[in-house]
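Undergrad: Here's the letter readout for the chains.
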Amino acid sequence: MQTTVTVYLFGKPYQVPSDLTIMCAMEYAGYQLVRGCGCRNGFCGACATIYRIQGQKELKTCLACQTKVEEGMYIATLPFFPLVKEVYDINTVNATEAVMMQLYPEIYACIGCNACTKSCTQSLNVMQYIAYAQRGEFDKCAEESFDCVMCGVCSSRCPAGISHPQVAMLARRINGKYLAPKSTHLEDRVEEIQTGSFRELIEALMNKPIDEMKELYNTRNIET
Amino acid sequence: MYPKEFQNSLLLLEQAREKNIAFQPDRMTASEKEALLSSYHPDYKKSEFRTLGIGVNKGELLPIELCDILEAHSRITPDDVDLHKIDYDVDVLIIGGGGAGSSAAIEAHNAGASTMIVTKLRIGDANTMMAEGGIQAADKPNDSPAIHFIDAFGGGHFAAKRNLLAKLVTDAPEAIRWLDSLGVEFDKTQDGTMITTHGGGTS
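Listed in order, the protein sequences are those of chains A and B. Residue 1 is where the first sequence starts when you use the numbering used here, and the numbers rise one by one after that. Residue 1 is where the second sequence starts when you use the numbering used here, and the numbers rise one by one after that.
Calculated directly from the structure, the hints in this document are not laboratory data. For every residue, glycine included, the Cβ atom is placed at its ideal position computed from N, Cα and C. Check each hint, because a few of them may be wrong.
Stated by the list, open to error - Per label pair, the in silico range of CB-to-CB distance:
(1) B/Ile86 <-> A/Thr224: 52 to 58 angstroms
(2) A/Glu212 <-> B/Leu61: 26 to 32 angstroms
(3) A/Leu201 <-> B/Pro25: 27 to 33 angstroms
(4) B/Ile69 <-> A/Glu58: 52 to 58 angstroms
(5) B/Ile86 <-> A/Thr195: 28 to 34 angstroms
(6) A/Glu58 <-> B/Arg50: 51 to 57 angstroms
Claimed, not checked - Cross-link-like lysine to aspartate or glutamate pairs, in silico, DMTMM-like; alpha carbons within 25 angstroms at most:
(7) A/Lys214 <-> B/Asp187
(8) B/Lys45 <-> A/Glu215
(9) A/Lys182 <-> B/Glu174
(10) A/Lys182 <-> B/Glu132
(11) B/Lys33 <-> A/Glu86
(12) B/Lys161 <-> B/Asp79
(13) A/Lys140 <-> B/Asp187
(14) B/Lys161 <-> A/Asp89
Please build the complete structure, drawing on both the sequences and the hints.
TA: Structure below.
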């Protein structure tokens with residue numbers, strides 16, 4: 001027989017099969033998810049959720065599509081969280097330590113409570129990447145924050161009002177544009193295309209009969 | 001930690017591991033692929049198609065699910081739509097806020113058009129950011145836009161409009177450079193060489 005558990009969706013109790021995710025349990029209970037539901041695979045970060053198990057003190061956080069229901073779960077969803085996204089032009093941004101002071105000065109008000117790290121649905125070391133951002137170590141901040149899905153749970157728990165995902169996004173963009181090594185082969189290739197190096201090769205394919213195209217495709221050399 | 005069925009399945013896998021490691025699969029020929037696909041793949045199996053009953057494409061053989069959608073009642077009630085009262089009036093309306101939609105919005109905005117994106121969730125909650133494996137462009141010395149052309153033409157069942165495909169493959173490296181200049185993080189070696197990861201259909 002199917003076992004069920006009692007979960008509380010926005011305070012109202014529902015009996016749901018125990019093997020469902022929180023997201024499926026909401027739909028089982030009759031909710032039609034319009035917001036707060038995207039990829040259903042733990043990548044888009046749209047289904048941030050906060051819950052507490054009845055009788056326990058600890059407030060827990062998760063993605064609803066990635067977490068199984070438990071007996072006595074009190075569930076509230078966080079389909080949107082008002083993160084602060086400062087407007088900047090990546091082409092003219094001051095890519096030094098000072099940029100964080102200019103755009104996201106609140107990161108220097110971090111009190112080191114580590115609530116962000118404890119709440120991260122991706123188990124990232126959030127407080128550490130904010131520390132890297134404070135010190136202008138954008139490459140390390142980029143690396144440490146790379147798996148962020150921008151669900152916003154960290155920011156919902158932050159007493160300093162930091163928008164961690166947006167700070168990390170700026171660090172990653174600075175890293176991508178200014179710090180990572182330049183790809184000379186990419187510059188070379190764009191130049192080759194602009195000077196018409198491939199024009200003849202492409203032209204030769206434009207009117208080739210389909211059978212010859214099939215032959216080319218089916219016998220092409222495939223790198224391993 | 002896994003259920004019993006999973007554990008049994010894992011056991012079978014472990015028992016077969018040595019044999020699997022030693023096994024070197026040959027690439028399939030076009031006819032072998034065709035035979036396999038037509039037996040198993042829903043895009044190829046005849047039983048997955050039926051004739052569309054209504055509309056401008058009436059009589060065409062289409063996937064059953066697509067027929068079901070096209071033949072279903074519309075979710076929009078025409079009486080609810082009054083085009084005399086327009087809520088938003090823009091030069092460029094972009095449906096979808098992923099990589100393509102966002103790029104289009106940036107370019108349209110830069111070109112001076114009033115632009116609006118409609119998207120279900122937040123900007124970027126889309127397939128682009130889930131497709132973390134890679135993006136195709138012939139940007140390495142051992143590669144060429146012509147090779148990209150052949151890959152994509154075959155991958156598209158030889159149905160592509162070739163002038164559009166030519167534009168795709170010759171613009172692709174510049175598009176990567178544009179993304180690079182916007183701060184998109186690509187996997188690179190120390191000297192800046194981008195790391196190649198083969199995806200489905202690449203060569």
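Undergrad: A/Lys182 and B/Glu174: Cα distance at most 25 angstroms?
TA: holds (14 angstroms)
Undergrad: Are the Cα positions of B/Lys161 and B/Asp79 separated by 25 angstroms at most?
TA: Distance ~39 angstroms between B/Lys161 and B/Asp79 Cα, so the pair is violated.
Undergrad: Tell me if the beta carbons of A/Glu58 and B/Arg50 are separated by a distance inside 51 to 57 angstroms.
TA: Since the Cβ atoms of A/Glu58 and B/Arg50 sit about 54 angstroms apart, the hinted range of 51 to 57 angstroms holds.
Undergrad: Next pair to validate is A/Lys140 with B/Asp187; report whether the Cα-Cα distance is within 25 angstroms.
TA: Holds: A/Lys140 and B/Asp187 sit about 15 angstroms apart, inside 25 angstroms.
Undergrad: Please test the hint of 52 to 58 angstroms on the beta carbon pair from B/Ile69 and A/Glu58.
TA: violated (45 angstroms)
Undergrad: Does B/Lys161 pair with A/Asp89 here, judged by a C-alpha cut-off of 25 angstroms?
TA: Not OK: B/Lys161 and A/Asp89 at ~37 angstroms, beyond 25 angstroms, violated.
Undergrad: Would the pair B/Lys45 and A/Glu215 pass a check requiring their Cα atoms to be no farther apart than 25 angstroms?
TA: holds (24 angstroms)
Undergrad: Between the beta carbons of A/Leu201 and B/Pro25, is the distance compatible with 27 to 33 angstroms?
TA: holds (31 angstroms)
Undergrad: Just tell me: holds or violated, for the beta carbon distance of B/Ile86 and A/Thr224 against 52 to 58 angstroms?
TA: holds (55 angstroms)
Undergrad: Taking 25 angstroms as the top limit, are the C-alpha atoms of B/Lys33 and A/Glu86 close enough?
TA: violated (51 angstroms)
Undergrad: Verify the proposed pairing of A/Lys182 with B/Glu132, using a straight-line Cα cut of 25 angstroms.
TA: holds (21 angstroms)
Undergrad: Starting from the range 26 to 32 angstroms, see whether the pair A/Glu212 and B/Leu61 falls in it by beta-carbon distance.
TA: holds (28 angstroms)
When each numbered hint is compared with the structure, violations occur for hints 4, 5, 7, 11, 12, 14.
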